[in-house]
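Using the sequences provided together with the hints, build the complete structure.
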Amino acid sequence: MDTSWMVQGRCRELPPEVFFPSDGVGVEVARHYCAECPVKGQCLEYALENHIEHGVWGGASERERRRIARSRRGVPAHVSGALAVRPAAAPSATTRR
Numbered sequence: 001m002d003t004s005w006m007v008q009g010r011c012r013e014l015p016p017e018v019f020f021p022s023d024g025v026g027v028e029v030a031r032h033y034c035a036e037c038p039v040k041g042q043c044l045e046y047a048l049e050n051h052i053e054h055g056v057w058g059g060a061s062e063r064e065r066r067r068i069a070r071s072r073r074g075v076p077a078h079v080s081g082a083l084a085v086r087p088a089a090a091p092s093a094t095t096r097r
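The working numbering puts the first residue of the sequence shown at 1, with every later residue one more than the last.
Heads up, some of the hints might be wrong.
As the list claims (entries may be wrong) - For each label pair, taking beta carbons as the anchor points, the in silico distance ranges come out as: (1) Gly26 <-> Gly74: 13 to 21 angstroms; (2) Thr3 <-> Glu53: 24 to 32 angstroms; (3) Pro38 <-> Val75: 28 to 36 angstroms; (4) Met1 <-> Arg73: 17 to 25 angstroms; (5) Glu17 <-> Arg63: 24 to 32 angstroms; (6) Glu49 <-> Phe20: 13 to 21 angstroms.
What the hints contain is simulated information worked out from the structure, not anything from laboratory work. We put the CB at the ideal spot given by N, CA and C, even for glycine.
Here you go:
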């Protein structure tokens with residue numbers, strides 16, 4: 001995977017903790033820096049492809065990246081992995097009726 005784009009990121013000018021906030025205000029601060037970043041799209045794709053769970057990448061929070069990943073897999077936003085309904089298995093030939 002090509003990561004040469006990383007040297008162009010605005011985040012390189014700031015301490016890492018800016019992009020790993022502990023609250024919603026911190027997420028908004030990070031998004032502010034990401035908004036004008038020339039490699040915002042590549043950053044977001046990198047985080048999605050590598051299943052990065054923490055921090056703000058490409059202007060997207062952890063929750064937003066999960067939503068994007070679900071939508072790309074075709075899973076409705078209101079269905080989580082834990083609550084997804086699985087089809088019932090067909091009875092086997094050895095099952096008594």
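Hint by hint, here is what the structure shows:
no., hint, verdict
1, Gly26 <-> Gly74: 13 to 21 angstroms, "violated (32 angstroms)"
2, Thr3 <-> Glu53: 24 to 32 angstroms, "violated (18 angstroms)"
3, Pro38 <-> Val75: 28 to 36 angstroms, "holds (31 angstroms)"
4, Met1 <-> Arg73: 17 to 25 angstroms, "holds (20 angstroms)"
5, Glu17 <-> Arg63: 24 to 32 angstroms, "violated (19 angstroms)"
6, Glu49 <-> Phe20: 13 to 21 angstroms, "holds (19 angstroms)"
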